[in-house]
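There are 4 protein chains.
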Amino acid sequence: MAPAGGPRAKKGILERLDAGEVVIGDGSFLLTLEKRGYVKAGLWTPEAVIEHPDAVRQLHMEFLRAGSNVMQTFTFSASEEKMESKWEAVNAAACDLAREVADKGDALVAGGISQTSLYKHHKDEARIKKLFRLQLEVFARKNVDFLIAEYFEHVEEAVWAVEVLKEFGKPVAVTMCINPEGDKDNVTPGECAVKLGKAGANIIGVNCRFGPQTSIQTMKLMKEGLGAAGLKAHLIVQSLGFHTPDCGKGGYLDLPEYPFALEPRLVTRWDIQKYAREAYDLGVRYIGGCCGFEPYHIRAIAEELAPERGFLPPASEKHDSWGSGLSTHTKPWIRARAKREYWENLLPASGRPFCPSLSKPDN
Amino acid sequence: MAPAGGPRAKKGILERLDAGEVVIGDGSFLLTLEKRGYVKAGLWTPEAVIEHPDAVRQLHMEFLRAGSNVMQTFTFSASEEKMESKWEAVNAAACDLAREVADKGDALVAGGISQTSLYKHHKDEARIKKLFRLQLEVFARKNVDFLIAEYFEHVEEAVWAVEVLKEFGKPVAVTMCINPEGDKDNVTPGECAVKLGKAGANIIGVNCRFGPQTSIQTMKLMKEGLGAAGLKAHLIVQSLGFHTPDCGKGGYLDLPEYPFALEPRLVTRWDIQKYAREAYDLGVRYIGGCCGFEPYHIRAIAEELAPERGFLPPASEKHDSWGSGLSTHTKPWIRARAKREYWENLLPASGRPFCPSLSKPDN
Amino acid sequence: MAPAGGPRAKKGILERLDAGEVVIGDGSFLLTLEKRGYVKAGLWTPEAVIEHPDAVRQLHMEFLRAGSNVMQTFTFSASEEKMESKWEAVNAAACDLAREVADKGDALVAGGISQTSLYKHHKDEARIKKLFRLQLEVFARKNVDFLIAEYFEHVEEAVWAVEVLKEFGKPVAVTMCINPEGDKDNVTPGECAVKLGKAGANIIGVNCRFGPQTSIQTMKLMKEGLGAAGLKAHLIVQSLGFHTPDCGKGGYLDLPEYPFALEPRLVTRWDIQKYAREAYDLGVRYIGGCCGFEPYHIRAIAEELAPERGFLPPASEKHDSWGSGLSTHTKPWIRARAKREYWENLLPASGRPFCPSLSKPDN
Amino acid sequence: MAPAGGPRAKKGILERLDAGEVVIGDGSFLLTLEKRGYVKAGLWTPEAVIEHPDAVRQLHMEFLRAGSNVMQTFTFSASEEKMESKWEAVNAAACDLAREVADKGDALVAGGISQTSLYKHHKDEARIKKLFRLQLEVFARKNVDFLIAEYFEHVEEAVWAVEVLKEFGKPVAVTMCINPEGDKDNVTPGECAVKLGKAGANIIGVNCRFGPQTSIQTMKLMKEGLGAAGLKAHLIVQSLGFHTPDCGKGGYLDLPEYPFALEPRLVTRWDIQKYAREAYDLGVRYIGGCCGFEPYHIRAIAEELAPERGFLPPASEKHDSWGSGLSTHTKPWIRARAKREYWENLLPASGRPFCPSLSKPDN
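Chains A, B, C and D, in that order, give the protein sequences.
Counted from 1, the first sequence has number 343 at position 343 by the UniProt record's numbering; the numbering is strictly sequential.
Counted from 1, the second sequence has number 43 at position 43 by the UniProt record's numbering; the numbering is strictly sequential.
Counted from 1, the third sequence has number 319 at position 319 by the UniProt record's numbering; the numbering is strictly sequential.
Counted from 1, the fourth sequence has number 197 at position 197 by the UniProt record's numbering; the numbering is strictly sequential.
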């Protein structure tokens, strides 16, 4: 049931963040729907919103139930070659699906745009901004609640995206896919954050490409950069759901396991509770995930921060804190696992003794 | 569209197997729906069929789309303490959901029963059989296409289950959760298979608790046992979706990672293609998965055996064989991954250098 | 200083074992002297006793100092192709060196013969026994204290060796290089032990090719075999100094790391204390090492069993029990390592995250 | 045989380096003699030169035979608390032993001093220099060929050491035990090198504490620093013989495996050939080892650089290049290992599947 006054009466993203609330993002659509059979790896396009809307709706529902306060539209990323004739219909349908599910709970709809494939060929600001504006028009028409510019390797292009999105008059979040070494032009995370803040972004951070530990490190640097420049902005982190201590600046794309053998790197729910805690302690208040994040990972964020937020997400009706649901198991050695100390200290084995623990990135 | 004559005109399980066809099972409901937020670990009960039928239907749909020819009903396992008042309504609803989805494709509905929690306390054949019969009545009423007795640690109890299920007059499959060492009473896999065959089971094999490699080893022994006894039965394998070279007779339950830190052990699609090939070469024709098997793992079985079967599953419209969808990637080192040789030989890293590769089982 | 009455007054090997004393063997000559620059890998011959007697004497001294009660002669193994013209002079010199050092402490001299390269080509008992007898003559002339037939893959050939060595009238020990699966002709460890006992061997066990854990497992089976046959014999174990959980029947020769990259598998002193304790608890009283065992590993045997024996070896003047020598370190976190609990529970890292933990044996 | 004119006619260290020759250092005395039973871990003192001169002489001989051009005196390091009454006699005897062996081949004698334990308590330049001078007097009396100040964590103290050693009028080498992050006062490797060069050191580099890869990285920075400052100095690297990718600024002392469970980290001969090549390519011409380096590791340096130097070391008579000695093995799969490509590409397994690949440093 939507609260009286309807969904539009919900608090906006900035109202929440300004009030110090935690906003929980959602997780992986591309990789998760690839595993469910609705997205093609390599292409990574969202035509499922039209072809198989039930599958997309269901995933939105799972994230909502897990505690997400944001339904990101499952739309095309801004690569001209991908933007076939059907893109506009797909993106419009994606907005409707996100809105439909958001209205079933306490979630906002965010329209998202990404870096373009144009940028690496020529840095034609006008042409790239035009491409962003094209997408923005659909989001404006569908009246999303706020906007996210995400997955940028070059801060210059991210700034352009922010500038376009600001035209809409709604709050703008922006996330780069960089590690502590900085963006592809060697602009440090701190400098990136400052440039984005000056461009008017309301919420600044990182998403994708790097695992939880790396993402937290980058956020520290972004925060320091903003602080040193005397800029105020909310912080967002939407990490990869895989451990990537061995990847270089290119991120997990360059790891030999990408994209079809990443399983051994998949994070556990306990890894994510640690990540949520570290993000919170750092002052990040918009915490979500990216590729690899399944609904139970989002629930782990919501559970870790339940003491601060004062409530658990709906999906916690099927999950007892820190494995305590095992306390009635018939085997005593499994009952012994029903506690936080056990899971926090476990070093999980891969079951793959012929495999290494780290890889050398290609490239 | 159901073929003319309606779903009842589909070929039955034995018709298919007798004709030498491959039958593809489905995958994990409990663990998969736990990660989606609909099943509680520890309890592992299927009330979601009533509480969240869309979520259960969606998972059935994904397996169907991935190539499953069997929709197993997502019903209570036969533990008296779990069989609360609502079990009958849940099981009936589960049958309806399975049938609804099966009728959208070339799949049969299988009703399943499991070992009881009674058996370990007392071996009261009458009481246990009564419990099995109670469940069978619902399956009979809902007219499932065939029956599966699964997840048995003791062959004696499995024989009782087969005896009850045979009363229904439909084909009966039976799978034990044992490794090459044999059942909990040290009955070897070969002897187990023989006892089950003599009890009238039409399809015999293993499911759950052990990873692909171990399951194939056990199937070799079952096949040899049946052969030596001059018995004919079809073979079924529904392995765990985790690597478990280090687990003892108790299976993955005894591994310290169970059930909340199994991620690094999760099998890749390539592991499953290998498993499907080995199972096929061994003569197993009913090939599916158990806990840990996601839709894309089932699709991997269907893709591996597409040459023999002559067709691909619907979900392969979103998956190019052996990673060939990467052949148009902009980065040359990622294009280099677009081939079978690459994925077959990859030794995927865990990204966890502080973790071991094997664990010592508890107990 | 030799005790009054001279070295010949020392207690013999059987006197010691019959009295329940622990006899500590020595360690690796071939691999250790290869690393020191005096033995050629591949060839593995002992001409260093003539070319560089100081180097060989020094290694004998180190083992004596570490607690060895046996100086094995560093002589040619019985491969005809290796037995060049100089072999007799080398073997005689090896006996003199062993005796020289043995007389400086409480050690006996043991002459050793190994399996022949002939056996795999033809099983010509007469010819093989002649080759053994040829070597025995030197040992007899040099009056070694007892004899060891070691490194046999086929129990038949080991029996022939025992039969020849018994002609000398001194005690005979015999060790096979087999794992729990048995010898190359599938004779089980228990059956091997029985055949060797019936052939007159006084001390029976295993040496080389397999790591500590495997060797202890094989000894359990040998002991059970002897017990079941009602035979009495003393037990000997001289394990490899490398961890080999992944090797097949061919032993560590078949591991890809043999012989030039075995370093990561090298056992620690704590591994050897565990091995010594397990051997002792099993009833083995002649405990030593083979390839890979350095002097400090032998000292670890002597230290582990010091409570039972009532004394420490000379080299313990430079080694405090269980790392307690670290208790005065300036860094508190290193002082924290000065205890048994620390070293017993440590899981040492390889520092090689790009390497696997196990290998697949060649062959 | 010493060349005509006696050992003093040998070319000095600077003559060699100025001529572009490679000078090969020696390896580990403390850790190697600890394993042989003559040095006590924790204390790490060299009284063995008096107590067991044969053992020390033998190790010098092995390094000489492996190709070392430098015999470092096995003397006390400058910790006041260790400098008991006997230190002067020990150090004098150590000089005699080193000279005795050096005169048997083409090697020079180097007297060495190390950082003091005083420095961390108070930075009393006069008192510390007095302690250095005290030791220098013995080296001067024994007329060593050159001097090495080694194992310094603070460049300030290293500078003092160089200043004292320069008083003797012989060439001075200096090595710090730092990683690319710099010394304990955060002076970068480049700055350290410059300070040492300005203090008059003729040869500058690193030793101990960090494995080959880290040491090479630090040398790159030192070389860059010297180059940028327009300073000329010869370069020296004497790395640890263990892999330590996971250690922090404190080096391997802080790894949980130090000092009694470092075995799995031990470098292979192939690792050292790679290290020697990288050092050479970087322009380092004095290449040796530190803790963990056994004689065969030194031989690996000499073999790798034999093409440049034009000769092999004596110990290569017992070692065929790149495993080629295996080419006559009876087993074809072992013959297949007789080539460079095999060993260069091998990823050696630890045989320890329950252990991690990396550790977290203490402290």
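Just so you know, not all the hints are guaranteed correct.
Since the list gives no way to pick one copy over another, a pair counts as held whenever it fits inside one copy or between any two copies.
Stated by the list, open to error - Cut-off 30 Å, straight-line C-alpha distance, at most; resulting in silico cross-link-like pairs (DSSO-like, lysine-lysine):
#1 K104 with K35
#2 K142 with K184
#3 K10 with K184
#4 K86 with K11
#5 K104 with K220
#6 K104 with K142
#7 K249 with K184
#8 K223 with K339
#9 K120 with K223
#10 K249 with K10
#11 K86 with K40
#12 K10 with K360
#13 K11 with K35
#14 K40 with K123
#15 K10 with K35
#16 K40 with K331
#17 K184 with K11
#18 K331 with K86
#19 K339 with K123
#20 K123 with K232
#21 K360 with K170
#22 K35 with K274
#23 K198 with K10
#24 K339 with K170
#25 K104 with K249
#26 K184 with K223
What the hints contain is simulated information worked out from the structure, not anything from laboratory work.
Taking each numbered hint in turn, which are not upheld by the structure, reported in ascending numerical order?
Per hint list: 2, 3, 4, 5, 8, 10, 12, 17, 19, 21, 24 and 25 violated.
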